[in-house]
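Enquirer: Order-wise, the sequence lines are chains A and B. Sequential numbering from 0 applies to the first sequence in numbering that gives the first Met the number 0. Sequential numbering from 0 applies to the second sequence in numbering that gives the first Met the number 0.
Just so you know, the hints here were simulated from the structure itself, not pulled from any lab data. Not one of these hints is a red herring.
So these bits of chain B aren't anywhere near chain A, every CB distance computed over 12 angstroms:
(1) Leu6
(2) Glu17
(3) Asn19
(4) Ser41
(5) Glu43
(6) Gly48
(7) Thr117
(8) Gly128
(9) Lys136
(10) Val138
The calculated DSS-like cross-link candidates involving lysine-lysine, where the alpha carbons are at most 27 angstroms apart (straight line), are:
(11) B:Lys76 <-> A:Lys99
(12) A:Lys295 <-> A:Lys309
(13) A:Lys354 <-> B:Lys34
Predicted model only: the values in this text are computed from it and were never measured. Note that beta-carbon positions come from the ideal geometry of N, C-alpha and C, so glycine has one too.
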Amino acid sequence: MYLTKWEEKALQGEFGEPLRMAMNVLVKVCKALKGEKLIEITHAHVSGISYFNIGDEGLELLQDLAKKKTRVLVYTTANPSSIALIDEFASVYGVDVVVKQRKIVELLIAIGIDNKSFTCVPYKLRVPGYGEHLAWAESSAVIYANSIAGAKTNREGGITALMAAIAGRTCFCGMHIDENRCPTELIEVSFPVNSIALASALGLFIGKVVRGIPYIKAVFRLHEDIRDIAIRSMLSSIASTSSTALALVEGITPGYANINLKGLEKISVDIDDVKDFIGGRCSDAMFLGCPHIDIKEAEELLADIVGQLKGYGIKKVYIAIPSLDLHKLSELNRVIDGIDIVYLPGVCPVVSNLKLAKVYSLSTIHGKAYHYLPKLAGASSCLLNIA
Amino acid sequence: MSAEYCLNIDVDIEKTVEGNTVKVSVLSFLGDVNKETGTIESNESGCPGCSITNKILVIERFRGSTVGTYVLYSLCKKGLGPKAILCFEPDPVVVAGAAICEIPMIYGLPMDVLQSITTGDKIIISMKGDKLCILIKKVF
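Using the sequences and the hints, build the whole thing.
Expert: As structure tokens, then:
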């Protein structure tokens, strides 16, 4: 494997122990992935922030890194933490969990992670440029960066993204190489995608059938306010039911017009293929913001769907938002037409133990939440076609 | 009875590693290994109750979560980690964990070599020139 002089020196410890450790991990992982070299990155995004996911072992590693005075070398953001940091849930989880969750966030900030991040939409803080190399570890953000921004990132593991942040580079393999970014299947959608829930259902289906990189031909008939949320929901749903890091979307992906579609296997999708994902109400609590939506999007979305929410008997809406919006929270309505609105800044219910919080079920419009709530949070879920 | 295999594998070890093996068919560090004792708990591993501590851990197949990296790191910090890991296909989650632990992880071993190893064998791993050599001594 080729290393630059700087990388060789870093690997030999000339620039200190944290860089040596990060380079050691990156080089070994890169060799295992058959990468020929490392590539410099502009932005790392780390996952594994929830105490419920990484536990005492993850906390221990972060403490050791902080003790060694580790600092990230490039701009770095982090995924949301668990809802233990939200007042409404803190007492449920107890002091031990809250203190440890807070410590994880503090340690990450101490090593240089943007304190306004803690979101699964890092592209809202810093939009990656076309062709930029990144090391991102959140599957929904990875597929957005590759498919919408035209940036290049693999689905990194939490640790390797952290090591990439410390070393400022990652393995040059997979999505970083242009030849690996060509479509393998042509997905032709026969119905107009006219809601976020339908975009989610379509994404869940595509993820189940695709074996490589899909090229998606679909008509998105959506109000401008919710179009981007719907696209994000579709992409994150694909990334939930597959290991796909890139989906080429006609009319949206940069350079889509120059993509060669000749010889691709065609997969037609009609409404019957996706309607099974959408069901009846399973909870009077609704979860919005998977991936996170910002406050402007949340307000627009709520204004659009409040009538439908009432029609379904929804009494409470949890909305996960980036923590960069924290300062605007006090200005927001907490009750709209009798429905309680609970904003969850910088956190994510999906990576939290919801059973302990006595939340046994959540309705949603997002495919990723629908897919992962039962697996990760211990709560059942349903996809309502209301937006 | 013993057998030595010398292979062209792109893995370097700094010094000779010697130890007894624990052989498993499938393993995730999250869920299959007790974090407090270093003991394998999964029946599917083929070696439930075996301690991985200071052993050469031979794994046919990995499974499981990316949190496995943290668990392996924690085991090593408590002095409960394995001496080395031998496997067929590398799992980046475990490669990262082994690198942070500073323990050798050797992958790309032919499956027939892996399958010839059983729990309790004595193994010596060393570099002979550019080749990585594995001496397997059967203990009866």
